[in-house]
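Number of protein chains: 2
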Amino acid sequence: MAKEKRVVMSVSGGADSSTMLAYLLSEGFEVHCVWFDYGSTQNPYEMKAIQAITDHYKVPLSIISIKDAMSDFKSALTRKQDIPEGYYNKDNMSATVVPARNIVFISLAAGFAWSIDYNYVALAIHSGDHFVYPDTRPEFYNAMKEAIFEGTDKRITLLAPFLYYDKRDIIRKGLELNVPYELTRTCYKDQPVACGRCGACVERLEAFWLNGAEDPIEYEDREYWKTVSKEYK
Amino acid sequence: MAKEKRVVMSVSGGADSSTMLAYLLSEGFEVHCVWFDYGSTQNPYEMKAIQAITDHYKVPLSIISIKDAMSDFKSALTRKQDIPEGYYNKDNMSATVVPARNIVFISLAAGFAWSIDYNYVALAIHSGDHFVYPDTRPEFYNAMKEAIFEGTDKRITLLAPFLYYDKRDIIRKGLELNVPYELTRTCYKDQPVACGRCGACVERLEAFWLNGAEDPIEYEDREYWKTVSKEYK
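Heads up: the sequence lines are chains A and B, in that order. Quick note: the first sequence, position 164, residue 869 per the working numbering, numbers continuous. Quick note: the second sequence, position 231, residue 936 per the working numbering, numbers continuous.
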């Protein structure tokens, strides 16, 4: 007998989606994970984390390849001669590869959920992303929720349980739920051990510290974040 | 000097998108056409029409391949054992292949428009599709328009000039604009000459008749539509 609440969510192997997975299971959802392979910055360490987390929680994982469409986008960017330089800042280069990426992923997740007769799609968007990514903001989310609901003939409802959480709130929730953070992967760099210096590592180490907890993964440099954190005193 | 109004629209080679292309040009838009290759029912006659129409109007055409993601959807459908039989009706089988297809295409068109620094995405949705496809209805469109606008940081505005048109209204507008309908392709069947008997041919022939005009393309059977039309007396 299928559960009443069946949710598709995308996983990245990181702290946010791993915590949301634990949260949705704790709320009684049947969860089906998807990973969007868009052929860009993903690395084998992320895939290892995704496998470990979905195995830990014994949830199915489907891979949806979006590589060909994304390469069409990239070549459109490359072809265009008058892309304003400096339009994207360095930290934000992934956005140049796939504009509207989150919108595309939500749409694909909704189509996938419909395909397998699931009735929810959950997003791990949170307030820490609102400044950089317009397609994680509440005004986007609220409109997109209605569009997906109407556009699927009221089959699919979007959820964003962490919409107003920051990273500290997410880690607090995950610690409550005993998320196996030792299996997760957050670092942007293409190396087996997390660097501790990239934006993602810094934000994560700070969030654990703010919760009075120790991040269980290994870091090359576990102290660097304190030198750039606005929270650490 | 780029025009102020730059619009991405998807073309199918049919009457609706060809008319919208003519309409947008008549309204002063710079138009960039895209075709979504999702590896399904598209046939070489459609592609020939798409090329002929975009050549006629001297507008660029980009192809965005979504085949791999769509095949992942299909295999999800195939894997699932309990798809309700008869859930989709026969005329509507294309919908079983790609649930939420229009939502996905709008999202990709928005990402593409952003990639090439265009500020509008136009949809040829019309009232004749509202009953069958939820993602062509006004309540979907209005929410999606807001989601795309907010999710692209107010870069991209959706347009649907034919939202409340039926097929007759579209053909009337196209006749006013001298759309070269002889270049277009509407028939669902995989054959060089339009059949005149499928749903698409019937609707088209009726719409020309309702405008007191002759459809300039060749048909195998140009009279059949009268036997099934509710409008013909």
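For the record, the hints were derived by calculation from the structure and aren't laboratory data. Hints may be right or wrong, so weigh each one.
Pairs count within a copy or across copies, as identical chains cannot be separated in the list.
[Said to hold, decoys possible] Derived pair list, reagent style SDA-like, types lysine to any residue, alpha-carbon separation capped at 20 Å: (1) Lys850 <-> Leu863; (2) Lys859 <-> Arg842; (3) Lys753 <-> Gly917; (4) Lys859 <-> Ala848.
Cross-check of the supplied hints:
For the identical chains of this complex, Lys850 and Leu863 are neighbours both inside a copy (5 Å) and across copies (17 Å), given an alpha-carbon limit of 20 Å. Taking CA atoms no more than 20 Å apart as the test, Lys859 paired with Arg842 passes between copies only; the shortest distance there is 12 Å, against 22 Å inside one copy. Proximity of Lys753 to Gly917 under the C-alpha cut-off of 20 Å is found in neither arrangement, the shortest distances being 28 Å within a copy and 65 Å between copies. Taking the closest pair of Cα atoms, Lys859 and Ala848 come within 20 Å of each other both inside a single copy (14 Å) and across two copies (13 Å).
Checked against the numbered hints given earlier, this structure breaks only hint 3.
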